[in-house]
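Peer 1: Protein chains in written order, with numbering that gives the first Met the number 0: chain A, 0 to 856; chain B, 0 to 120.
Think of the hints as simulated: they come from the structure by calculation, not from any bench.
The structure displayed is predicted, hence computed values, not measured ones.
Be aware that one or more of the hints could be misleading.
[Unchecked claim] Now the stretches of chain B that chain A is said to cover, found in silico as 3 or more residues with beta-carbon under 8 Å:
{"hint": "1", "segment": "27-40"}
{"hint": "2", "segment": "44-53"}
{"hint": "3", "segment": "88-101"}
The C-beta atom is built at its ideal place from N, Cα and C for all residues, glycine as well.
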Amino acid sequence: MVDLSRVYRVFLRLYPARFREEFEAPLVRQFADEYREAFTRTSRIAFLLRALADLAMTLPAEIARELRQDLRYAARVYRRRALVTGLALTALALAIGATTGVFSVVNALLVRSLPFRQPERIVQVQTPPVPPLAGRSQFYGWRDSSPYTADTAAYYPTEMNLGLAGQSVRLSIAETSANFFTLLGSEPVFGRGFTAGEDIAGHDGVAVIAHSVWQQYFGEDPRALGATIHLNGAPLTVIGVAPPALDFPGKTAVWTPTIFNYQRLPKQGVFFGDTIARLKPGVSLTQARAMFEAQARRLNPDSFTRQGSPYPSLIPLQERLAGTVRQASFVLLGVVAFVLLVACANVAHLLLSRVAERRRELMIRGALGASRARLVQQLITESTLLTLASGAAGLGIAHWAARLAAMAQPAKLASQGYTILDSRVLVFTVGVALLTGIVFGVLPALLIGRLQPAMDPLRSQSGSHGSGASRMRAALVVLQAAFTLVLLAGSIIMSRSFLHLLRTDLGYRTANVVTLNVSLAGTRWEADHTMRQYYKDALQRLRSIPGVDSAAAIQFMPLIEQFGMGSNFKLDSGHQSSLASTIAVTPDYFRTMRTGLIEGREFTAADQATSERVVIVNEEFARRVGAGFHLVGRKISSEWPPNAKAVTIVGVVRTAKAHGPSAADFPQIFFPTEQLVPGFVTFVARVRGDVEPYLSICRDVVQQVDRQVPVYDVKTLDQRLSDNLARPRFYTTAVLFFGGLALLLALLGIYGVASYSIAQRTHEIGVRIAVGASAPGVRLMLLRQSLLPMLFGLAAGIVAAIALGKYLQHLIDSAQPIDAQTCAAAAALLAAFAAVAVWGATRRVTRVDPMSALRAE
Amino acid sequence: MAEPGELTPQDFLPLPLPVFHMLLALSEGERHGYGLKREILRRTDGKLNLGSGALYGSISRMMEQGLIEESDERPDFHLDDERRRYYRITALGRRVVQAEAVRLQQLVRLAENTLGLPELA
């Protein structure tokens, strides 16, 4: 019987605090009475069942009732302190919103499943012992002998001119092995995928088109099946339409089973192939990795030591697709979590002062038998109301943050779009809001309760100085100062690195330059002499546009991500260069780009196919070859092909940063396009005045050379630089913004604590002044006392910043680790601001009237 | 807390059946919670058996609304000697239960006139 009452009492704990406080005793007594009065076994069981049903029926109503009351009360309290509440709400909304925004990126890239069958079983094979280049039978032979995979497929993502229905457009293409769709488990929704032998030469005249291509170019016409499309001029028959969600390996418009047949589709540039595999059922990733590495060591031991290619390994496809965004997002998640904690500390301050304000009320209620549970319940309601409201507002900020992230660092696949309209993201937001509400609402209350169990009325007069609440406050200040210092130090490093990027001399001027691409592979211009003719014609047209100062063309344009070509070179003196990239350029290129000529001359119209073979080298080449900088007139020859003729250096130019300001300098050797005709080029035109209108003019002019040759990727060079810097700019802005926000919040917190403690100690201050202390003296004392806990925070923050600083490299490659000097600067900044804030808070000391303070005694 | 002064008895109508019975029982004298429950059980021939949660939930709401109030805490000699909290009806509560009775009466009259109810046994 006693036990049953105890069980019932446990159930009663589910009731809200006020109801329980009021009626727990009668409820338990009545339970005991009724149980005693039920004599038979059956009536007792019936009674217990009735009691349970009664609990189930009345619990929701009672909880809802008290929640409504608590909410009404909380809303009144917050309205009374609208400014403080508004600040806390804004800060929390920003912090929760930013956290959610970053989580939406993590969710899209790493949590949400890829649109494949069992996507977690698919891995990217990094540096396979038998690459697709080895040929079809070798590749499949390797696949069949690999005990850890169920299937292995090859693909090569590239861009090609797609000719269909009289149009010609530039699109992303994937050349694949025949088992590509089968391995992914994502077969075409319409028509069919590739069959087993279709990647054999002679059988490979087929293509699967993306759903978007089917919509855009065929108007979803079923007759698309069987239609002929041209990839770089080669005709292919459409046999299937991919599912809407499929665009792997990246924005892919057409898939062809031609990876093993290099000649099938005309192409230019460098050919690579990627490999994916599906793990054999029952084989774990760790086991597969071990087997793969053992195999790679046996088949191709060199691959473990070769420079320039990654270590052979199996990488989950999702992780591989996320790439560097993965680490960057985790670092950013850490940053926003710190901001969230700083914001939460402010909420805790707010709630603590609420508790302190209500001390007397609580003591009176306590004397009347009110429980701490009531206070805790009210605090939970108050704080979760605040954090949930912030979470709701934060969703708007998260949406905006996700869009910014998508602009700075878009996901590779369409199915990986960053969105907050995802159940996991929404659950995350609500979870974060609830958790912060509960932790930072209840923790202070519980701690206060523990530190002053008696709620001694005698101590209430002495203010909260030295009490649990003030210790709690000091702890919060320490926490805020520490996190803020880490964020500030990070902001300093990030800004410094980004400014460094902006100030880097690229070796060319990006202003007033139009750039546009063409590729002649597979077009009617494909022969060397016709390509020369095309380029000449296009350049002539560009140069004749009024306002165009100069125009030229280059094979591998700076700021365009593409694989280059290179070779080792030897100077006639025997000096050997390391790998140098080889790039064809037309006359006037360096003048158009404003790349300085150090020595010699640019190419001219006189450098013909039949004239002396000449090159221009860059400064970095001259530096690395180590034979002094006077290279004009010297001869160099490449190591490959072995019998290549020596060529004469006619000029040395400044080194251009080909991959943007953060990239390392690389030796380059330029050939005249007349002597080394490229299959594709980027035209550059330097114009006078506003560059934007020239984008369409230049495009139209080049397009007029041949309607069937798509002119694509028409952009200003400034835009390309801006794109190149989008990622570091985004991360720098983010860290800087959060650093600033944390600083602001920390100052608000410190100011709030200082002014609160001064308000509590008005009496003591009055007495001090009455017995002869000067107001400035008292203010200095208060300043010292307020800043002391902050110093502990700064010290902790410096340790944390130095430990965590190295992770900033995931945001900006060139970021230096956080050093002591940076920490000192951040600490000085924070301390100075805090001192000003606290000094401002102590202003009211000068208004304390010692006489009234004494009279109150 | 609702301010009872702003509400007229009509604002409380119709009363939930348990509340009506509780007010009715309390209008005969002060009772504690358990006593109230037993009285209602007796009056309704065991048909209205209020669970403890429902009982005290109603009591709490009625106190908020100012229909009843606590009187004092004293032992009940009929049960045991433990101290129990007694409740009594307020003036407002009395007016409300009367208004509810009138409402029910009107309802019954309406039904009588419409249907011609047989005489109650």
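Peer 1: Okay, the segment 44-53 of chain B and chain A, do three or more residues pass the C-beta test at under 8 Å?
Peer 2: holds (count 5)
Peer 1: Can the segment 88-101 of chain B be counted as covered by chain A under the rule of three residues or more with Cβ-Cβ separation shorter than 8 Å?
Peer 2: violated (count 0)
Peer 1: Closer than 8 Å, Cβ to Cβ, for at least three residues: run that test on the segment 27-40 of chain B against chain A and report holds or violated.
Peer 2: Answer holds; 4 residues pass the 8 Å Cβ test.
Hint check: a violation occurs at hint 3 only; the rest are consistent with the structure.
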